[in-house]
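Visitor: What follows is each chain in one-letter form.
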Amino acid sequence: MKKILALLILLGVLAAACAPKTAPQPPAGTPEPRTLTVMTHDSFDVSEEVVQSFEQANNVTVTFLQAGDAGAALNKVILSKGNPPADVFYGVDNTFLSRALAEDIFQPYESPLLAQVDDAFELDPQHRALPVDYGDVCLNYDVAWLEEHGVQPPASLEDLLKPEYEDLLVVENPATSSPGLAFLLATVGHFGDPGYLDFWRGLRKNGLKVVDGWETAYYTEFTRWDGTRPIVVSYGSSPAFEVIYAEEPLDSPPTAAVTASETCFRQIEFVGILRGAPHADLAQKWVDFMLGTQFQEDMPLKMFVFPVNAQAQLDETFVQYLAVPEKPAFVTPEDIAAHREAWIEAWTETVLR
Amino acid sequence: MGGRLAPGWRFALLLFFPLTFLLLFYAWPLARILALSFARLDGGTRSLAAALLSARTLRVLGFTFGQAALSTLLTLALGMPGAYVFSHYEFRGKELFRALTGVPFVMPTLVVAAAFNALLGPRGWLNLGLMTLLRLDAPPIHFLNTLGAILAAHVFYNTTIVLRMVGDFWGRLNPRLAAAARTLGASRRETLRRVTLPLLSPAVLAASLLVFLFDFTSFGVVLVLGGPQFATLEVEIYYQTTALFNLPLAAALSLVQLLTTLGLTASYTRLAARLSRPLEGQPPRRRLPSLRSWRARLWGGLTLGVIALWLLLPLGALAARSVVRLERDRGQFGQVQRGLTLDFYRALNENPRRSLFYAPPAAAIAVSLGYAAATVALSLALGLPVSWVLANRPQAPLARLLDPLLMLPLGTSAVTLGLGFVVAFSAPPLDWRASPLLIPLAHTLVAFPFVVRSLTPALHSIRPRLRQAAAVLGASPRQVVMHIDLPLVGRALLVAAVFAFTISLGEFGATSLLSRPEYPTLPVAIYRFLSRPGGMNYGQALALSTILMLLTAAGMLFIERLRIAEVSEF
Chain A
1 MKKILALLIL
11 LGVLAAACAP
21 KTAPQPPAGT
31 PEPRTLTVMT
41 HDSFDVSEEV
51 VQSFEQANNV
61 TVTFLQAGDA
71 GAALNKVILS
81 KGNPPADVFY
91 GVDNTFLSRA
101 LAEDIFQPYE
111 SPLLAQVDDA
121 FELDPQHRAL
131 PVDYGDVCLN
141 YDVAWLEEHG
151 VQPPASLEDL
161 LKPEYEDLLV
171 VENPATSSPG
181 LAFLLATVGH
191 FGDPGYLDFW
201 RGLRKNGLKV
211 VDGWETAYYT
221 EFTRWDGTRP
231 IVVSYGSSPA
241 FEVIYAEEPL
251 DSPPTAAVTA
261 SETCFRQIEF
271 VGILRGAPHA
281 DLAQKWVDFM
291 LGTQFQEDMP
301 LKMFVFPVNA
311 QAQLDETFVQ
321 YLAVPEKPAF
331 VTPEDIAAHR
341 EAWIEAWTET
351 VLR
Chain B
1001 MGGRLAPGWR
1011 FALLLFFPLT
1021 FLLLFYAWPL
1031 ARILALSFAR
1041 LDGGTRSLAA
1051 ALLSARTLRV
1061 LGFTFGQAAL
1071 STLLTLALGM
1081 PGAYVFSHYE
1091 FRGKELFRAL
1101 TGVPFVMPTL
1111 VVAAAFNALL
1121 GPRGWLNLGL
1131 MTLLRLDAPP
1141 IHFLNTLGAI
1151 LAAHVFYNTT
1161 IVLRMVGDFW
1171 GRLNPRLAAA
1181 ARTLGASRRE
1191 TLRRVTLPLL
1201 SPAVLAASLL
1211 VFLFDFTSFG
1221 VVLVLGGPQF
1231 ATLEVEIYYQ
1241 TTALFNLPLA
1251 AALSLVQLLT
1261 TLGLTASYTR
1271 LAARLSRPLE
1281 GQPPRRRLPS
1291 LRSWRARLWG
1301 GLTLGVIALW
1311 LLLPLGALAA
1321 RSVVRLERDR
1331 GQFGQVQRGL
1341 TLDFYRALNE
1351 NPRRSLFYAP
1361 PAAAIAVSLG
1371 YAAATVALSL
1381 ALGLPVSWVL
1391 ANRPQAPLAR
1401 LLDPLLMLPL
1411 GTSAVTLGLG
1421 FVVAFSAPPL
1431 DWRASPLLIP
1441 LAHTLVAFPF
1451 VVRSLTPALH
1461 SIRPRLRQAA
1471 AVLGASPRQV
1481 VMHIDLPLVG
1491 RALLVAAVFA
1501 FTISLGEFGA
1511 TSLLSRPEYP
1521 TLPVAIYRFL
1531 SRPGGMNYGQ
1541 ALALSTILML
1551 LTAAGMLFIE
1561 RLRIAEVSEF
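Protein sequence lines correspond, in order, to chains A and B. The first sequence begins at 1 in this note's numbering and counts up one residue at a time. The second sequence begins at 1001 in this note's numbering and counts up one residue at a time.
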């Protein structure tokens, strides 16, 4: 037994040692590559060959740093202002954008590729934060459960207050979860302030369940997995994930997203060059690269978000199961900046106390 | 004494590296982040004081204390009988069983929540069983999102601390003392109350303090298993930092947490100094009796049974789920096969989407083991000299000052300290951003108090006369350490190593720093899968969790079989 265990550990270490080294050798005769540091939140993902093509084209080594979820990563960037840990920061979304801009962490850069991006995504007129992708936070439901119990999928937010939806909905706490905050903003966009609080009071009466984060809501509370709630706040892309990452090939998605008018909230994610970045010239090239079609076409199947570049072609599998709301609920960036904290606190008082 | 250092200087020299370590990697980042946070105070100190003394803050403080006290009592209630059985009896599979009780310590909260949900959730085994048995329409047991869930999870996580710290100490108590009391006519109860417990008190106290501090700063358990209606100070600090970006209030709350910890550890030190007494060390490798009498069998079986149910069943449920197809029976969605599968494990070795950050499980295991090994080496190297000084010179002014301060890292907000690390170590002269070294350093901060608390009682219980006798017989100080101290505390050293190992394996702190996504530890890799929808992702998270469990158990068995210094039978 003793020997087996020792062997097991040895095996693990050896197996790891055999893993191929990823660092490519630069061809002889070229100058030593420079290093560009890109900081992201921990949901960032990209294909190997996409990054390699950037590295080869610019004789640069890209180092990625991850620093927790979007909020945590942003806080770290803000606190190391003036002495930034990276050249570029990707992953501020429109719910956090105001904090990033107020703290003045980015330097302006008007990328030529912005010409290929719909103006609606450009929330910072000074081009300190440039849009990269967007995705929608929408209600998801368990198709089979609703069919089995003869319940129609909700067609509006108001529907959720009806008796047939009693005890069916689980949402994330907007104070601790990014989709939770996005859904709160959807209700603010649809009902206005203070109407949204009445809606939440109604939801609470109708047996709303609140959990800390997306993982708990989806895997512990949602009927698709281990829970008892057939309606959950998730992403418009979640049904596509369910098909692509299914255990066995599925004919149709087991879950679906509600895309009715003003039931979703659109999250737009931004990239920016940090003030004091040691390699600002490379950073500009990287920002251009993120907005270019190669990166934009790789992104959807990596992070399950939509490209903002209108010329990017979408993958077949991605489009097939993807729900796109025609009219997401909208809150102006100025409103979010002014009331974000107050809305969260009022929500907490109304729903949790 | 000519030519030798005076004892005072020798102690100072021993403490030099540990103190430098704490100043550099604890005090400095903490001071930086607190200063930066308070510098952002623009509403005046009065509004901050008002927020700090608000009913809400006081409620949070009260709850934090209450749940930590209850959790600690429950953990002792389960751990003490367990420690007795482990230290007094031999039974088949004991070592494996004991190693497995340490596994919960490393499990990520989200995975533990999934395990509890599979057992006790509305669609868990217990509720489904009861519903079928009693013909009920609704699940009778409501477990998740209650205070009960928080307490149960704390016991699940921390019982191993009591089992190990108290168990090790108990095994070295001289049984003749209790036997003498019995011979003199004391009943079992009296003997336990007046002889055994007082003798055990240093270890019990140290274990309780560690358990309490863990529960006091609890974050993930409260957030995930407790739900949004519960908040500890740590949760409140996170909320103020991330959601509201109210850094001054977050810093003030961190200070409250810190001062509370300091008060606790200071009173602990005083109490421990009063209770602890040198005992005759007993070599721990005697043959222990097996559970033979009906009484021993009943109580031993009962104790081990409850521990197995509470600690091991959730782990078993997770492992079982990682080899079973997850898809529920839904005929209309394609052909679903049911039964056993190794698909999730197989998929771990594939990178179908050619992600740059993909890491095969072997690589994640290697990264985790590398950090764990560094943490063990570093925390033992720093902890041993400190424990030695604390045990030999408990009355020296430096030691008295140091003792309560050593525990502070455990009671410090991880959210705050994590930010402090980023701020303090990404600027010259200490520009170590994203250095892989910072991770074992951060782990060592947490492991260090464990190492000191495991070693000090053991070192202290060595009778000074043994050392004096050795010295009189001509042993050099080095020889005394090698031939008296090390053999007598060898076991405690292994206990300390096991703690450092498990703390590092389970720590999710990498994400509170800046990390390179190409080198995820196992917990980080688990969270990656768990943050995406889809059966394959969920299944792979469960498979990796099972690998983490096996690795932890194997690692602990491995460490426990090392022999630092052979103990000869007396």
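One thing to keep in mind: the hints can contain errors.
To be clear about the criterion: a stretch of chain A counts as covered by chain B if any three or more of its residues have a C-beta under 8 angstroms from a C-beta of chain B, and this derived list gives those stretches [as the list claims (entries may be wrong)]:
1) 78 to 92
2) 158 to 167
3) 172 to 179
4) 338 to 352
One-sided and incomplete, this derived list gives chain B residues near chain A with beta-carbon spacing under 7 angstroms [as the list claims (entries may be wrong)]:
5) R1325
6) S1435
7) N1537
Hint data in this document are derived by calculation from the structure and do not stem from the laboratory. Only a predicted model underlies this, so the values are computations on that prediction, with no experimental measurement involved. Glycine included, each C-beta is placed from N, C-alpha and C at the ideal position.
Visitor: Output the numbers, in ascending order, of every earlier hint that fails for this structure.
Guide: Per hint list: 2 and 6 violated.
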